[in-house]
Amino acid sequence: MDNLHTEISQLIIDTLDLEDMTPADIDPAAALFGDGLGLDSIDALELGVALRKRYQVRLDGDDPSVKRYFQSVNTLVELVRQHSESKA
Amino acid sequence: MDSFSLPIAAWEAWAPGRTTREEWIDGSSAPSAPPATTADVTFIDPMLRRRLGPVSRMALNVARRCLGDDRGIPMIFASRHGELARTLTLLEGMAAGDEVSPATFSLSVHNAAAGVLSIAHQDTAPATAIAAGEETLGMALVEAAARLSPAQPRLLLVYADAPVPERYQADIAMAESPHALALLFDRDQPRRLQVATRPADGAPSDTMMSLALLPLLTGHRRQAAWTGRHCTWEWTLADA
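In order, the protein sequence lines correspond to chains A and B. By my numbering, the letter at position 82 of the first sequence is numbered 601, and the numbering carries on one by one without gaps. By my numbering, the letter at position 97 of the second sequence is numbered 725, and the numbering carries on one by one without gaps.
Hints are computed from structural coordinates only; laboratory data are not their basis. Some hints could be false.
As the list claims (entries may be wrong) - Across the chosen pairs, the derived CB separations fall in these ranges: (1) Asp554(A) / Pro793(B): 38 to 44 Å; (2) Asp559(A) / Asp698(B): 23 to 29 Å; (3) Gly700(B) / Asp559(A): 22 to 28 Å; (4) Thr541(A) / Gly645(B): 29 to 35 Å; (5) Glu650(B) / Thr525(A): 45 to 51 Å; (6) Gly557(A) / Glu650(B): 32 to 38 Å; (7) Gly700(B) / Lys606(A): 51 to 57 Å; (8) Arg678(B) / Val585(A): 22 to 28 Å; (9) Gly557(A) / Pro793(B): 30 to 36 Å; (10) Asp546(A) / His848(B): 53 to 59 Å; (11) Arg678(B) / Arg571(A): 19 to 25 Å; (12) Tyr796(B) / Lys606(A): 42 to 48 Å; (13) Thr752(B) / Asp546(A): 33 to 39 Å; (14) Ser633(B) / Gln590(A): 56 to 62 Å.
What the hints assert, rightly or not - To list a few chain B residues with every Cβ distance to chain A over 10 Å, as calculated: (15) Arg699; (16) Gly700; (17) Asn739; (18) Thr752; (19) Arg775; (20) Ala779; (21) Val792; (22) Ile800; (23) Arg815; (24) Ala828; (25) Gln851; (26) Glu862.
These figures come from a predicted structure and were not determined experimentally. Where is the CB? At the ideal position from N, CA and C, for every residue including glycine.
Isolated chain B, as found in the complex (with noise of 0.2 Å):
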């Protein structure tokens, strides 16, 4: 078994009908909103966002909020499927024979997040983007206790994912839902989440690996175990 621990400083989420920390931590029953909701980045200048996939749209709402006031947190965003749905539509109309549209291509790449971010807060820190299959959120884990040191106290991680296109569908084993996630991490924190793996134990989660870790963050547990084709992860929250 391999382990680590991170220092957690802060924690926001979002999907549709579950837009506050507070409301993650009450509500246990399912959200309500229709899937089709973006998340508010009105914090982000009209003529930067308005090109932003829904995608990068969760992805930028959490960020800030985690970080409020905060600049120069290194950053890791990260995403199994990023905007797939655009990716799609780039792919549908080249076999169309249509023009590529510059704009779609832009912020269809894997770390548009991440540059609209610096650009909205004028903000050099450096930021990784990184997708891992169904594993994507446990490889961010992974990141972040590589990258904390003293040389980067504090990091941000962001996730965020959609469920893919129709057509992309029977590829997928588990079920999807839009939601975002960011985990601010600074070595200077007591209260630890604890990080295990080891070889798959037992039938794949049907769930999304976030979406099984969201119940530590929420206080709802204090232990969460999620097992996919190659790992299962178990997660424990501790105030050191």
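Pulled out of the complex, with its shape left as it was, chain A reads as follows (with noise of 0.2 Å):
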């Protein structure tokens, strides 16, 4: 795991008040809705917001390639990447 990893997995934990875990127990390649870490809906809507405050990623909901993103900490990544390059 690289840096942006480890910061994703932290960021989750802060945000979802996921108490006693550290970045290391998120499998980066794990699904985080449902049957693996088991986030739910409003677990989404926390994480948009605060996706949107710490990288500015806007997220549009209608869009269908959101929900390909918040499938694992490896496409939030993949998210932020491609965000932070068409910027540059």
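Since each chain sits alone in its own frame, please combine them into the complex, following the hints.
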């Protein structure tokens, strides 16, 4: 895991009150919602707010690619990287 | 004077440093733990309980202890202030131009504890959530009397409150402390809590209504009264 993976895992832990977890506990390829980490729809909204605050990533709920980016830590890293490249 | 009676099957209470019924029955002195202590709700899945505020935690703690393994019992959740500290955080954030946190909002609503308990217990029994100012507990007793019937022979009343945040303290006349109380009513029980109200006939009490009722439940008194701005409430415990 590189720095951005750890950073996003920590953002998930802090934002969603995942008590007693560290970034190492989150498999970057595992599903965040449903069967994997077990996050729910309110977590998705909360995470959207946190990503916007931290990385200025603006998400459109009607955009089908949003669901894909919210699959795992890996896909969120991809989202943040793409966003910072498109700004550069 | 208006009066009614409620059949009491069980009760539980929680405050920092007074976490079991025995401690309430024994303890005449003030609880010693710091008021910031939160109630144990480890019976709820960690993913479900992580967002709960302190008032909901107290409410769920006493609800669980009073229900035990019973399910399907309709519930009344009562709190004067609910998770007011959380609502204030949201309002201050909005005033500062921040985005509203969906998670903070979701469990700041008045029926949050009822919702979480129904998910944790997989229990679809109906629940109401009420607030009625300083007389909140009294109005919850009225609600219980109105709903107890052959169709709803048992009812759980859960009351929980914590002091208002400092910003609102000037608006509250009485001393407030964090605590919760659960009462299980059952039409088959002979033990009765008699409740009578009349127009306020004295200076308002300087304690919370629930703390005035608790000495009856712990057996320290057979009769108690509490006076608010509108009414005097009088309770008597009687074995029919």
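task = Quick one: which hint numbers does this structure break? Sort them smallest to largest.
result = When the structure is compared with the hints, none of them turns out to be violated.
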